[in-house]
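Engineer: One letter stands for each residue in the lines below.
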Amino acid sequence: MEYYLQLFISGLVVGSIYSLVALGFVIIYKATKVVNFAQGELVMVGAYVCFALTVQAHLPFLVAFFMTLAFSFILGIVIERLILRPMIGEPIISVIMVTIGLSSVLKSLVQLFWGTQIQVFPPVLPQEPVMIAGLPVAPVYLAAFALSVILFLIFSAFFKYSRLGISMRATAFDQQAAASMGIGIKNIFALSWCIAAMVSSIGGVILGNINGINAQLGHLGLKVFPAVILGGLDSLFGAALGGLIVGVLENVCDGAAKEFFGLGGFKDVAAFILLVVILMIKPYGLFGAREIERV
Amino acid sequence: MHGQCGLFFRTYAGEARIFPSRFLLVSMGLFGAVLCLAPLAMNNYLVSVLCLINIAVIGAVSLNLLTGFCGQISLGHGAFFGVGAYAAAYLASLGLPFLAVLPAAGLVTAAVGMFFGLPSLRLKGIYLAIATLAAQLILEYVFLHWDAVTGGSSGMAVDPPQVLGLAFDSDVKMFYLTLAVATLSVLCVRNIMRTRLGRAFVAIRDHHLSAEIVGVDLFAYKLRAFGISSFLAGAGGALWAYYTMYITPEQFGIGLSVSYLAMIIIGGLGSVLGGVFGAVFITVLPEFLNFVAQHAGALFTDISGALLAMKEGVFGLVLVLFLIFEPEGLAHRWRLVKAYWKLYPFAH
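Taken in order, these protein sequences are the chains called A and P. Per the working numbering, the very first residue in the first sequence carries number 1; after that it's consecutive. Per the working numbering, the very first residue in the second sequence carries number 296; after that it's consecutive.
Keep in mind that the hints are not guaranteed to be accurate.
Said to hold, decoys possible - With beta-carbon atoms standing in for the labels, derived distance ranges:
id, chain 1, residue 1, chain 2, residue 2, range
1, P, 447, A, 129, 30 to 38 Å
2, A, 78, P, 504, 38 to 46 Å
3, A, 118, P, 586, 26 to 34 Å
4, P, 416, A, 186, 36 to 44 Å
5, P, 416, A, 261, 26 to 34 Å
6, P, 590, A, 142, 52 to 60 Å
No lab work stands behind these hints: they were computed from the structure. Note that beta-carbon positions come from the ideal geometry of N, C-alpha and C, so glycine has one too.
Could you put the whole structure together from the sequences, leaning on the hints where they help?
Structural biologist: Listed below in structure tokens is the structure:
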């Protein structure tokens with residue numbers, strides 16, 4: 001039992017990072033209807049930039065962290081302006097492929113600058129585990145979970161109460177109506193990429209603190225798809241919940257598969273089996289808008 | 296050069312012919328003859344690149360049937376290709392002859408492809424893309440963990456194919472074999488597009504509701520598209536297994552699916568010729584980069600390693616640039632070139 005509880009807790013932590021990445025994905029999808037296959041690479045770039053600033057440029061962690069956020073903001077603007085804006089109005093497969101192309105470019109840039117070996121962040125938080133319900137939990141896990149919850153609350157409030165957030169929602173709902181009410185659609189598009197890059201880089205920094213970083217970090221982006229499909233492609237709450245569920249599910253299934261069937265690596269595929277099942281049963285997810293036509 | 300300026304077909308049969316003019320027939324015949332003689336003038340490396348191109352053509356043309364003509368995005372084509380390769384390797388290890396293995400591998404892959412095409416009943420666009428992405432990852436997992444059939448992570452060895460006692464055990468011989476299968480696949484897809492089936496595919500792609508209204512059974516035709524496309528992909532995969540003689544799960548990763556999609560996008564969606572162009576382009580690109588890296592390495596010693604690391608980046612960059620600046624692909628550029636010569640010296 002304790003084995004599964006441990007799996008559950010580490011699943012929650014990984015899941016909270018999936019939630020962050022999924023949050024970025026949903027923000028882009030909501031505002032621009034672009035499906036971003038480069039979300040995992042944005043995580044990787046954020047992690048490496050923060051790594052370079054702390055370890056290679058010897059800046060204090062907090063300074064490096066905020067500089068990483070600023071960098072991601074600019075990266076978001078550049079990506080949107082150079083790559084996504086020319087794709088407005090193109091068929092869906094072109095938009096998917098342009099983000100896949102972007103992901104290979106980002107991955108090889110990271111490999112060019114930092115190589116492929118695993119790099120380790122210097123510890124920021126204390127190493128001694130905290131006891132929760134009789135189980136030892138590393139503080140960095142707690143921080144990861146707390147940070148995701150805080151960010152989720154901030155974004156919920158931002159979309160609900162701030163002027164900018166409301167105009168982003170308006171754009172998502174009806175671009176033409178929003179434009180005719182004086183909302184700068186292009187700025188909204190750019191802003192959604194900036195926010196997505198920023199939350200992803202936060203996820204990257206947390207992951208770097210837990211496991212270290214390497215050039216395979218981008219694969220994390222694939223886990224976003226089960227998470228957002230489960231939650232609904234255009235629901236922030238769904239993304240957060242979907243990330244947590246996927247994180248827990250894959251950890252627990254992995255443990256169960258190992259214990260009962262002796263199957264290794266089930267982690268990589270559990271979420272995608274879930275994905276197929278959801279798509280067959282409830283394609284708009286738990287909280288998504290039911291706008292898919294039945295074909 | 297003869298030919299009227301524009302399309303002036305007077306009969307339906309004339310419009311539906313594979314080779315609309317005798318000039319085209321003759322030039323394609325000449326091209327075929329040059330291809331058949333090419334290995335005589337080439338070293339083994341160049342012939343092996345040609346073999347890779349032939350196999351890529353099969354995969355690209357089959358994906359173009361599914362994605363370009365029928366509008367069903369598939370991110371799992373690389374895994375379907377892998378199913379064909381594993382099916383061929385397994386059947387060959389049972390002692391079946393090549394001529395039986397090739398169609399059998401195609402049939403196995405068609406069954407798998409149609410199973411993963413089932414979601415297309417309810418999904419389209421981005422949801423279907425994600426469902427086929429799931430198919431890709433699930434199949435990869437199966438390749439890696441179904442040790443009894445696939446050999447797991449250590450992979451499987453395949454003997455060179457034998458047809459009627461003749462062993463295809465060199466690059467040159469494999470070139471003729473792959474060329475034959477590639478030509479058959481191209482003709483097969485080209486012919487399907489001239490039939491009722493092909494027009495139904497295009498109707499589904501262009502507007503699924505209108506297609507349904509004029510009597511196209513959406514689900515049946517989508518399943519057929521998945522079936523035919525994965526049959527061809529399976530045959531391509533079988534050839535790949537015979538050609539490389541050793542298959543491992545990582546050969547059929549998501550990168551392969553992406554490069555097939557890149558082929559049809561760079562070549563031109565919804566064009567048989569486009570699939571061929573894209574296959575040539577994407578297969579030659581890494582070889583070209585290797586060549587540049589080697590020669591640049593002779594001049595500046597530290598640049599070649601970086602260039603090799605940049606291979607994937609160059610691939611992504613080419614893809615992005617094509618999508619932004621040439622979204623209709625090489626096939627469209629080829630049509631423009633032909634139109635230019637037809638209309639010369641007038642601009643329009």
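Engineer: Determine which of the earlier numbered hints do not hold for this structure and return their numbers in increasing order.
Structural biologist: Going through the list in order, the structure violates no hint and respects every one.
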